[in-house]
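A.B. asks: Kindly produce the complete structure, drawing on both the sequences and the hints.
Note that the protein sequences, when read in sequence, are chains A and B.
Here our numbering runs 45 ahead of the position in the first sequence, where the first position is 1.
Here our numbering runs 45 ahead of the position in the second sequence, where the first position is 1.
Misleading hints may appear alongside valid ones.
If chains are identical, the list can't say which one is meant, so a pair holds when it fits in one copy or spans any two.
List of simulated lysine-lysine pairs, DSSO-like, C-alpha gap at most 27 Å [unchecked claim]:
id, residue 1, residue 2
1, K269, K395
2, K332, K271
3, K232, K279
4, K493, K131
5, K271, K290
6, K263, K490
Source of the hints: derived by calculation from the structure; they are not laboratory data.
The model shown is predicted, which means the values in this text are computed figures rather than measured ones.
There are 2 protein chains.
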Amino acid sequence: MAENNAPQPPVRFETHPSQYKHWKLSFDGPIARLAMDVQEDQGLKPGYPLKLNSYDLGVDIELSDAIQRVRFEHPEVTCVVVSSAKDRVFCSGANIYMLGMSSHAFKVNFCKFTNETRLGIEEVSRESGVRFLCAINGPCAGGGYELALACDEIYLSDDGSSAVSLPEVPLLAVLPGTGGLTRLVDKRKVRRDLADVFCTLAEGIRGPRAQQYNLVDKVAPRSKFKDVVESRAKELAGSSSRNTKWQGLALAPLGAKYRDDGADYEHVSLTVDASARVAKIVVRAPKTATPDNASAIRELGNKLWALECFRELDDALLNLRFNYETVGLIVLETEGDPAMVLSSDAALDKNRDDGFVHEVLLYQRRVLKRLDLGARSLFTFVREGSCFVGTLFELSLASDRTYMRDDPDAESPPYVQLSAMNRGSFPMSNGLSRMQNRFLYDPEKAQKLSESPERFDPSAAVKAGLVTVAPDAIDWDDEVRLAIEERASLSPDALTGMEASLRFAGPETMETKIFARLSAWQNWIFTRPNATGPRGALTMYGRPERPEFDMRRT
Amino acid sequence: MAENNAPQPPVRFETHPSQYKHWKLSFDGPIARLAMDVQEDQGLKPGYPLKLNSYDLGVDIELSDAIQRVRFEHPEVTCVVVSSAKDRVFCSGANIYMLGMSSHAFKVNFCKFTNETRLGIEEVSRESGVRFLCAINGPCAGGGYELALACDEIYLSDDGSSAVSLPEVPLLAVLPGTGGLTRLVDKRKVRRDLADVFCTLAEGIRGPRAQQYNLVDKVAPRSKFKDVVESRAKELAGSSSRNTKWQGLALAPLGAKYRDDGADYEHVSLTVDASARVAKIVVRAPKTATPDNASAIRELGNKLWALECFRELDDALLNLRFNYETVGLIVLETEGDPAMVLSSDAALDKNRDDGFVHEVLLYQRRVLKRLDLGARSLFTFVREGSCFVGTLFELSLASDRTYMRDDPDAESPPYVQLSAMNRGSFPMSNGLSRMQNRFLYDPEKAQKLSESPERFDPSAAVKAGLVTVAPDAIDWDDEVRLAIEERASLSPDALTGMEASLRFAGPETMETKIFARLSAWQNWIFTRPNATGPRGALTMYGRPERPEFDMRRT
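C.D. replies: Following this line, the structure appears as structure tokens:
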């Protein structure tokens, strides 16, 4: 099971329920049914049959799409029942052969994407009131159980074969990579010694003991399982607080034009300079003002800038992550009329109570989190013609550094400006707004600045702490070039660890725990010979020989 | 700079100011002076001269000892001034050649110990009111600046050469391993973009800019530096809340008897079964009741069980960590009269306000944290003759599992029992008591149980959730043997990551962030070829060639 280095077609992230290969998504009034039915021979890459409802990135891309469809296209849905369409298995987790064949970078990015999807499920539950009920009919292992853990409730069929398990440690010498350990003790508050027993038991736990450990919420005999799930789904649907009083919007294809060195969208361009290992993302302001009443906003639908632009940005970020592994630095730029960005912000702010606007804002929040978590350095360049204001200033706030060009002779010198959108609409994974996170040393300053209508020119922006440095026009080219070259020369591993530590100060949440603590440990374990060496457990999986371990504990 | 695999004498952790090679500890009323003066040729192992006040584990063992001396021997001290006794350098951090020569396990354990020492400094400040002032006269790099960050205040000489820096990322392709990144943004709340600039600047930052970034608290010209530091030290000493109204106790040598396969102490025995990769630690109860008045407790001094036993336990844990790397499982047992443990608990609880008792309790807290953070699996075995009550029940609460033998025919069947000491005297790194951490799903239960004077027999203990399982006398031997064998067979890396995730549920603190997020990233980076491969930056340090990096970002 050697690493597969053959050139692969790029991974694409757009899909549609009509194209799903691995999930069946159906609707029945307030209840949506999402049934896993993985097609063995339809893996994203060749070489690993997706047996027993095991999954790869392609399966998870469809899951992620399905969640967005429920959000935008089906406001009437208040409960999603997650189950398996296979007869004798719920889900056996991420495909081991796929993991064994994948590069370290792919494994890490695969886990990150699946984590983002599951945190997205929890966000839909928390913020939009769509409740998720997982109905486990058959063995449910590893990533399968981690998907269950992301749901609000887990029901387990008591039929002698249905069981939940996290067999990663005993079978594969790796960790459950999708938040399993954290959710066990933090979300479900399973007692730590019981969690210890469970996580070292390859065969998992079934029946009443699973409920006793709080691994599942309810166990029901096979004969009654369907009815019990049905009745609970109805209860959950009825108890939802979701705003269902709006017309769903069918999400349109993005119409991206992919190039070898990037992609072009309506409002976003991505350009990769492979030799410099730098990508540039340009985000453009809306061309027109945004109407400030809900019905006009709803009429814009897919053409609403806040939605379309952020769907494009999300696609660009994922494209970068998976298809341009050596890019170490993303330069963020904006173009257009700042007033148009502020108009969009004002319109959304005014109509927060509208169900559609609510979902758009949550979507933007999720994309900005994807930016924070991207494991690439982020530099923002502010200059003449840019529009780093309001929502787009969040791009700068997400950056590791912001350079603002100080050119008093410019026809229209750049400025940065805050809006209502910088006051907590887009919390980071740690629960803080990016302004709070930046000004942790002075929370009042964060508050005051974010309420100010002031336009900050370069020197005012430096003084206020809103940008890092404002080189003058003479120094700009050299300073920016040197900063890019220097960044690109540093060890990508060290930068990833450094940025993960510096970006998220202050409080921790389950989300930051998953991305920081758990992912970091998983990264470490993935590189260790005990897992991925020639005799490591992941490498040896499926072979008759036993893996060999270096037993030194660290 | 190949890994040095030659057999080395075991590392020992006991020392005394009269034996210090690398620090000068002096006392001047309420002010203690701790000056770093590393002897180049006195490294713990051969092969790396400790130039420029760089340090190795031996230097840090003395620092750790010095902190304990201030706690126990010098109650009059309310401010410690940390400085360098060298002329032109403050401290250049952990010795790079030492790191390059060390095994992965040693590097990780070295960082863990230095972290524990620095967190100990912060604990003495927070809990005992001893303020730490770091006076930086000369370049202060990497671990040197991380030591400064652990102090309450940092003063920097403005002399053109004194600078603070964290050059690990740009120079060595690793992270600052001793909490530097976390303390920058969490403790000192340095703005994240400024922290980013600082952490990629190999030469660091000096003078007023260091203060402007909040990297230091004050900058003073060389001519006035000594006076400014002196005067601030006096202010800090005067503002301390430390209870200074007690007579210091000279900490006596432990008199450990080290064996090839462990060590014997007055109240603790450590026995290592190298072939099974299992260590057993037996902790014995006091032989007599503890007097319940402060002056009698003080008369016991070094012979106070709570102090002596926990000093021994600490030594045993460190001995295990550094000298028995392949031990994967520690079995914890106790012996003796539970009533004597409870008598000690009651006596300490009654005299918490006494300065000496206060320090003893803090010391026990620190040792128990060392147990939590040990990266070894912990099983507790409770059986006839054991005394897992009160303070010693914390050992069980720190364990990954507890097995309690259910033998109704035993002459005196075992029980477990709680005391005042289980109600928050010994918080974990996450700020919770071990009872709160265990019963996160039912905080009221944790509270109620810890207030109950009940003796829990095996079935009651299982029912209450205080132990994991209570096999009966017939099954005990098999069940315990199988559990040990199974644990010893699992990948040590996966277990370390799993335990780090399951042990610390709920809230996070700077301490858990350092040990979880930062250490995990550091572990990962230490294993990556970009740092430690044949052309990695750590390996190539000091050579004329540039390191070579795999530029894929993860």
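A.B. asks: Work down the list of hints and note, for each, if the structure agrees.
C.D. replies: Outcome of the hint check:
Taking the shortest alpha-carbon separations for K269 and K395, neither the intra-copy value of 48 Å nor the inter-copy value of 58 Å comes in at or below 27 Å. Taking identical chains as interchangeable, the C-alpha atoms of K332 and K271 are never at most 27 Å apart, the minima being 52 Å within one chain and 62 Å between chains. In this homomeric assembly, K232 and K279 come within 27 Å of each other (Cα to Cα) only inside a single copy, at 24 Å, whereas the closest approach across copies is 48 Å. For a Cα distance limit of 27 Å, the shortest separation of K493 from K131 qualifies neither inside one copy, at 56 Å, nor across copies, at 46 Å.
Proximity of K271 to K290 under the C-alpha cut-off of 27 Å is found in neither arrangement, the shortest distances being 30 Å within a copy and 71 Å between copies. In this homomeric assembly, K263 and K490 come within 27 Å of each other (Cα to Cα) only across copies, at 22 Å, whereas the closest approach inside a single copy is 49 Å.
Checked against the numbered hints listed earlier, the structure breaks hints 1, 2, 4, 5; every other hint is satisfied.
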